[in-house]
Structures are given as structure tokens and as C-alpha cells.
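Asks: Chain by chain, the residues:
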Amino acid sequence: MNLLLLILTPLLTAVAVLLMRNATQVRWVSFIGAAVQLVLAFALFFAFRNERMAGNTAEMLFQIQYNWFPAWHISFHLGVDGISIAMILLTAFVVIAGVLVSWNVEKMTKEFYFLLILLSLGAYGFFISLDLFILFFFLEIAVIPKYLLIGIWGSGKKEYSANKLALMLMGGSALVLVGLLGIYFNAPEKTFDLLTLSKSYIPAEVQQICFPLLFVGFGVFTALFPFHTWVPDGHSSAPTAGSMFLAGISMKLGGYGCLRVATYILHDAAKDYSTIIIVLSVIAILYGAFATMMQKDLKYINAYSSVSHCGFVLLGIGMMTKTSMTGAVMQMVSHGLMTALFFAVIGMIYERTHTRQVNEMGGLLKRMPFIGTVLFIVGLCSLGLPGLSGFVAEMTVFMGSWERPDTFSRVATILSCLSLVVTAVYILRAITKTAMGPLKEQFATLTDARWNEKLAAIILVVGIIAIGTAPFWLNDLINPATEIIKQHLMIPTPID
Amino acid sequence: MPNATYIALIPLLPLAGFIMLGIFGRKYFKNTSGIIGTTLLLVSTGLALYTAYGYFFEYGKVDGVYQKLVPLKYTWLEFSQGVSIDMGIIIDPISVMMLVVVTFVSLMVHIYSLGYMKGEERFPTYYAFLGLFTFSMLGLVVSSNIFQIYIFWELVGVSSFLLIGYYYDKPSAVAACKKAFIVTRFADVGFLIGILMLSFYSGTLDFNTLIATLTSPESNGYKTAAAASFMGVSALTWGLVLVFIGGAGKSAMFPLHIWLPDAMEGPTPVSALIHAATMVVAGVFLVARLFPVFAISSPGALSIVGYVGAVSAMIAAVIACTQTDIKRVLAYSTMSQIGYMMFALGVSKYGGEEGLGYTASMFHLFTHAMFKALLFLGAGAVIHFIHSNEMKDMGGLRKYLPITHITFLIACLAIAGVPPFAGFFSKEEILLAAYQHNPTIYWIALITSGLTAFYMFRLYFSIFWNKDASPSPQGEGRGEVHHGEGGFAMMMPLVLLALGAAAAGFIPFGHFVSSDGKALESEFHLQFSILPVALGLAGIFTAMLLYKKQNDKPDKIAASLSGLYKAAYHKFYIDEVYLFITQKIIFNLIGRPAAWFDKNVVDGLVNLTGNTTLKISEGIKRIQSGKVQQYAIYFLAGVIGLALLFIYVWK
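For the protein sequence lines, the chains are H and D, in the order given. To convert, note that position 272 of the first sequence is 272 in this note's numbering; the numbers rise steadily by one, no gaps. To convert, note that position 76 of the second sequence is 76 in this note's numbering; the numbers rise steadily by one, no gaps.
Don't take each hint at face value.
Unchecked claim - Okay, the calculated beta carbon distance ranges per label pair:
(1) D:TYR631 with H:TRP68: 52 to 60 Å
(2) H:PHE472 with D:ILE447: 47 to 55 Å
(3) D:LYS621 with H:ALA71: 46 to 54 Å
(4) H:MET53 with D:ASN3: 30 to 38 Å
(5) H:LYS157 with D:SER625: 40 to 48 Å
These are computed hints drawn from the structure, not numbers from a lab. Here a beta-carbon is modelled for each residue, glycine too, at the ideal position from N, C-alpha and C.
Please build the complete structure, drawing on both the sequences and the hints.
Replies: Right, here's the structure in full:
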């Protein structure tokens, strides 16, 4: 399987979108492009499984390497392991759903879809890069469209939000760049190659400086406390598909970077900083949950709950056991699907009721059984109901965290378990106020979801249920990859 | 070994019903969904009975001991070597008994609902949810893995949530379903942490291995768990107590019971199934499942179970005497009876004659399922007829509802412990077990049994005797006025359950279910039974004096007991305490400050950075004015400055 396909497909789609004449053509071209992406992602997944089953134990499969800029030792090096595949699948799901829910965007349709596709290009490139410079390059590609998506198609205080988001993410990228250069110049062999770097010795002092730069830099993307404030404003101002991409894909770039770049390459420093990471993630989990409880706008509710849920990603990485890191990756996938769906539903509701305030809604289930049901499913997924993806991911993080027998980790785990209750409180409040209760008069004529919305929702619900009811395939996919990272970290697993 | 396929079908058939009716019900099975759900469950019930027959009479017993069989086990999610969530089926006396109870009561409720819920707009959804619940509950009882039980535990919780909120346009129902979910969720966090602790020490999530490890003093897991301590209590006890908190939440034990009375907002058949017969006993089942660990390794944790059970039984009985909503009386009565099951486990020991409490608890669970489901379904028939839940709207209904009246009376006699009805046998066993092991609990239980007889017959006389309440002329919401008891669909379950409530006591339960799997000969002690039965009869007579004819004695008594009566009527203000903690403390002292802090401090810093940068650049902007003369002056100043620097500083 040639990994270049994953970059070429969105690229060609983007070009094709620009060539189209009217909005209908643009939509269908984007949809076909997204469908091809989904097919490719599955093809890659099965090809990967077959390779692994055939006994190919190489760390990265399907590698491609072209020399790109030899003077700086930059090569166009691509390759995938289980973590990348999981993220690619997630991206493909979110992209097709995002394309579908944007069917009604009338303002500058062509540009809108172009940016969406461009964003997916950045994400795929990021997840398959094995060269840090290329990885950074794709990271930037994924940032810029977001600014425009919010600034042009957004709502509310969109300029403020767009600026804030772009500046904070750019700030994060700047830290990442400094960190990467620090590694490049201090590694024994000057290179940007991820696999080479992970195996070479990087001096401890360099690690001590570069790790926080990289971790915080990537952490900004994934709502690391206290760098999370772009999340609520950014999400709530973005157009529906923008929020979906932002929460479903962009925030995962950060988590992936924290794990694949910061923790994997700078493993010695990672161990030293693990305490701080755990403290910050527990704060994010609880603080995000409590802050959500007070929100009244559906988008703010989901955005703040993303802070809390992404805390589990960071907690899983910070705990640094194999199981907890697997849980972190699962949580990325699960949260990606779940928030994308949540934002999609919020978008559908907003389009009909013209409000996102929970207090102004009520009884929507009666007029919109499909949307209401999906809202229930996604809400229950968010509060960790077994059978849906959130449960599997969170439990894996908890089980992994509990493997560390020291009191500090125990307390951290127990505190984060408590968020389950708070999550139940705010989620139930949101969904019961929106969907249940007496139907308000002004909503008596609302209509249920259209075909494109239904299809988008069903695609994401299938993903959530597939993980929730049969988590073993995802677990088997991710485990070998986190096992390798774990071996790098070499924290002895407590044996009892 | 039994054939795993058909046992697996028992839970899977209702699941199939859920999926089919949930997705296609609204469109294609608008009217037939009830029949579909009921038929699937009928097959399940048949399979469950077949399994029970096979297990108890054919292959279950080896050398006089009932075995724990695991005919099916499938790794669902592996965390690390040996630690994995498995989806499996465990077949042992309690799981087989529960299979029968759950499928049978569920079947009765399915049939009953055909009549009771007829004409509801969301009829298919109702049956879909019933299927989901039945699937989850059956999955729970056959769980072979402690995490599997947690998974189904959450699923029954959500089915309960969905069914309580079935009338979702009623704000009280919405509030009730939310409350039920959140309170049990809170308890479930305890359960989860308990699981983490137990699995850490035993190195497994599998029930059989876990129990074996934690009950053998030689095993490493047991040693470390018993040695590690926190606040002077061993880690093992902590783990078990935390697991029990989960059980207490689901089983509505004091002080986590506040959701159960509100849960009565759900349709009455649902209350019968979920909030009386099956889901609420899940906590008892959980303690029974882990009973060897409790009894052998941590008597401390077990005695907590006992006292929580006894206190709940007593408090609930007192509150039940004052409530006027008939479903709420039944809800408190359920809580009280579950308290009996809990403390029966709490006073029990493991193995042999000492394990009487265990057998008694399971026996009571079994009989209680029959008579409590019957009481709720009977109450449903009454509500269906009179369109009100309030006792004051009822009276003299024996003339209008003869079948309901007789079956309700049987259930009341059973719960009051009048021989030879089912409740008598199981309750006697519980009292005997308590008498032998813990006198305090025995006396609490004895007083409670008198109260039970009193409040049940208060209910009975108020509904069926007392003043003559003619059926309400306005059939609100249902369009027509009912004159009659509902059809065959509603009466058949009543009759079948009444047969169970009357006769289930004669089953030699100890032969089948005991703490160690060996048969337990339960002896009948006539002289021991005199006191409880006399108390029960006294309760019945008091109720008869006060409530058989309309009079003002009850009000007078209530007035003379003003403080106690008021406190009990207001459920001892426990709800208010919770409300205070959640609204005042959690919302105002944690939630609000967190949101404020985020908006003003954290985000404020971000904005401050932004604004400062803006201001600085505003300042710097002026330097680049584009005026050549100005640049020349800067240039000159720079040259002079550098020159001075070179001359004086660097020399």
C-alpha cells in the first residue's frame, strides 16, 4: 500500500474542488473525495493487519523515503504503525461526516470545501510523517485553514476567536519548532528522522529543555491546562464542520505529537516530567468537568467537556504504562468521533431552533426523533456508557494508571474517576433539557434530519458502536505500537 | 457441561428485540412490537427454565456440591497479561436462579404491558427499552468477570434511566430519571475504584480466579492486599467496601436510596420489573457473587453490609408508614425488603450451617421478586382504573377489581410473613440467621417485620376497603373511562405471580442455593416463628382498626406523633440534605468558581498577553514613522551611542 495515496487523494480533491463550477459539483466532488479517503483508510487498516498477521514485526510499515533537502538532512519519510492507522481511520470518519453536514453551506461553498479538504491533507500528512520536519510542515498546513474557516464562516465573536485560536496554536507550533531544532542540533547524528532519533542518545540537559517545549507546544493543541482557552471560544465560533474538524482532528494532532514526538524521542525527560503532566491532566479533567457544569450554550458545553476528555489523553500519556498509553490513543479516537458527532448534532439543532442555549430548548425529541436519539447516543457515549467508545477508552486509561502502585498515581486516578459523576451531571442536564420535557411552542414545526445529516450521523455512530462493542480490534492495533514506546520508557511495570 | 449456545441465547434474544424494535419499530412494527418482544422473551424464559432444570437436576451437582461452570468465555479487551475483560457466562446456583427470576418476571411484565401500555404513542420504543433492560440484567447475572458485571451494571442503569424517563414530556419524570442515573453513577465510581483495587491485588478480573486468590491466605495477592493498609483498614476491606458502595447505590440502600421513590415516575410495569424485582436486587447479587471474599477475608466489610442493610430496612419501613402515594409506599417497602436481603448476607458466614443467611437472602430475593412484582402490577391495575396514585382517591375497590383484590391480598400476606405464603418462609430464615449471629440486627429486623405488616395492610385497606371511591369520571389523558380490570393480558400475570407468591415458599431452597454449593437442610422452628408471626398479625390488626373503615383515628395518631410523623413523611429530610450538598456546595463552591476562574483568570491572562502585545506594538509602531529625518536622528544617536560605548566601556 502506497502511503502517498493518502496525501495525493486530498490534494487532487482540493484541486478538483477549485475547478468545479457550481456548489453542487463542489459538494459531490468533496463527498467522493472523502469517500475515497475512507476506503483508503480501511484498505490501509486491512493491509496493515495482514502484514502484522503475516509476521511483519517492523516498527513502521509501508515506509517510503525520498531525499528532500539533504543539506539539512530532511527527507520525505513516511510510514505507519498502529497508532497512525487509528488516527487515519478517525480522520477519514470525521472528514466524510464533516463534508456531509456542510451540505447546506451556501456562502463561498468552493472555498469552504477547499479548506476542509486542505485540513484533512495536513492531518493525514502529519499522522504518517516519520521525519520531524515534514511532520511540522503538515502541522502548519492543518492550522491555517482553521483560522479562515472560523474567521469567514463562523458566528458570534468570530474574529476574536479566530485570532485567539490561530495565535495560540501558532504559539504552540513555535514551541514545537524550537524543540525540534533543539533536538536536531544536539543529537549525535544531525537528522530529523524520527526512528533514528528515537534510537540515539540525546544528552540529558537537552532533553530537559526540549521536552517541555515539545510537550507544551503539542499540548496547546490538545487543550493542556492552562493553555486550553482557545478551545471554548474557537469551537463555539466555528461553523459546524469547523468544530468537528477542530475537535475531531486538530486536537488529536497534539495528543499524537505528545506521544509520538515528545515522549517517544525524549523518553528520559518524559519520565522526569511525568508528575507534572499527571497533575496538569488531572486538573484539566476535573476543572474542565466542573466548568462544563456551569455552561449554558451547547457548544460551550461540548468544548469544555473536550477539555475534560482530552485530559484523559494526557493522563494516559503521563502515566506511561503500556495500557495507559493504549488508553490514551483509544481516547483520542473515541473522543474524536464522539465530539465530531456531538458538534454535528448541535449544528443540526442550531440550524432548526436558531439557539444553542439549553434553557431555551425543550422537548425536541418529539419533533426530531432522529436528531434527539443521536443526541442521546452521543451524550451517553460522552458520559462513558459501556457499549459506546468512551467507556472503553476511559477504562483502559484507568486500568493502565492503576498499574502504577505509588500513592500519587493512585490519588490522581481516583480523582479522575470522580469526573465520571460530574460528566454524568452536565451531560444529562444538557440532553434532558434539550430533548426532553414539554415541547416549546415555537418548535412545533421543526423537521427532522435530512439524508445528508442522517448519513453523517450514522457513519459516526457506527464508529462509536464498533469501538464500544468490539474494542479488541482497536486494542490489538494500538498495543504493539505503545509496547515499543513503553520499552523506550523502560519504567518497570509493577509486578505483583 | 451445558451447551453454551442456548444459554447465550437467553440474553441475546431480548437484545435482538431491542435492536430490531429500536431501529425499525416506529416504522414497521407500530402495533406488533409488543407481540414480538413478548415472543422473544417467552423463548428466553423457556431456555432459562430448561437451563435451570438441567443445572439443578442433571449436570450441576458433582459429589454433592453445585459447581461453578463457565461454559463460555471470550476475551473482549485485554489490558495486560492475565488482566482482561472477558465476556462470559458463569453458571452456578445463584446465576441460574436469577436467570429464572429475571426472565419470568420480565415475561410477566411484557405480557402485562400489552394491556397496560396499549395505545401509547411510543409503544415500540417501550418494548425496545424493555428488551434492552432484560438483556442487560441477564448479562449481569451471568457475568463471569468483575468488569463484565460492571459493564452490564451500567447498562441496566441506563435502561432504568430511559424507562423512568419514558414519559419524557413530564418534567417530574425527567428529573427523576436524571436523579436515578446520577445517584447510582456516584455509587458506581466507588464500585469502579473497588474493581481497580481488587484486580490489582488479585492480578485478574475473572471472578473465579479473583475469589480463589483473595480467599486463600497463602496467595501473594491476599498477603499484599491484607498487609497494605490505609487509615488502619486493609486494602482488601477498602476494595470490598467500595464495591459494596456500588451495590448499595443500585440497591437503594441508605443513604443512597433517594433515587428509588422518585423512580416511580416510570410506567408502573417498569417499576415492577426494574425497581422491585430485578435491577434493585443487583447489589445483593453482587455481594452474593463476591460472598466468599467478604465472608472469609474481610468480616469487617461484611458487617458493614449487615448494618447498612438493617438500618435501611428499618428507616424505609418507618417512611413507608406515612407515604400516601401507593407506588411510593411500595418503593420504600422494596428498599426495606432489600435491606433484609443485605443484612441476611451481612450476618452470614461461609459454608455449612453457618451459611444460612446466604441461603435465606437468596431465598428472600426469589420470593420477593414474586410478591413485589405482583404488588406493583396490582397497583398498576388500580392506577389504571382510578387514574391516580394517591391513596385518598381510593377506597372500596374490592367490588370493582375482584381479581386484583385477591391477588393483592395474597401478596400482602406474603410480604407480611403470614404462613404459609412465600414471604413467611424466606423471612423466617433471615430472622433465624440474624438471631443466631447478631442480636442487634435481629431486633431491628423483628420490629421492621411488624411495621411491614402494618404499612402493607394500611395500603391494602385504604385501596380496597375504607370509603367507597367511585371510579373517576374523567379519564384524563387516556380518552375513555375504564370500567373493569383491564383485559386478559393484565390479569394473567397477576394470577401467575400470585401462585408464585403463595407457593414459592415450599421450595426447599437450601437444597439448591447455599454459600458453598452443598445442600443446606433448613429446619423449621415452630417456637421461633411465634414471635415474628404474632408481630405481623398485630401489625395487620392495627392497620385494620385504623384503615378498614373511614375514620379520623389515623389523623389523630399522626397528630400525636407530630414530630416523628412529620420527619418520616418528609423522608427524614435526606433529599433536602442532598439538594443542599449538590446545589449549594458543589454548584456554588466548585462549579461556579471553576467557570469564573476560567473565564477571568486563565482566559484573562491570555487576553492580557494579546492586549499587551498590541499595546507594545502600538508603541513601537511610532518609531517606524517613515520620516527620513527621524531615521537620521536615530541613526546619529546610534552612532554616538556606539562610539561612546567603544571609547569608555571597551577601551
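Asks: Each hint: holds or not?
Replies: Evaluated hints:
1. Distance hint check for D:TYR631 and H:TRP68: the Cβ-Cβ separation is about 42 Å, which falls outside the suggested range of 52 to 60 Å.
2. The supplied range of 47 to 55 Å is met by H:PHE472 and D:ILE447, whose beta-carbon atoms lie about 53 Å from each other.
3. Under the hint 46 to 54 Å, the C-beta atoms of D:LYS621 and H:ALA71, about 38 Å apart, miss the expected range.
4. Checked against the hint of 30 to 38 Å, the pair H:MET53 and D:ASN3 passes, with Cβ atoms roughly 31 Å apart.
5. A beta carbon spacing of about 33 Å between H:LYS157 and D:SER625 contradicts the range 40 to 48 Å that was offered as a hint.
This entry does not satisfy hints 1, 3 and 5, going by the numbered hints stated previously.
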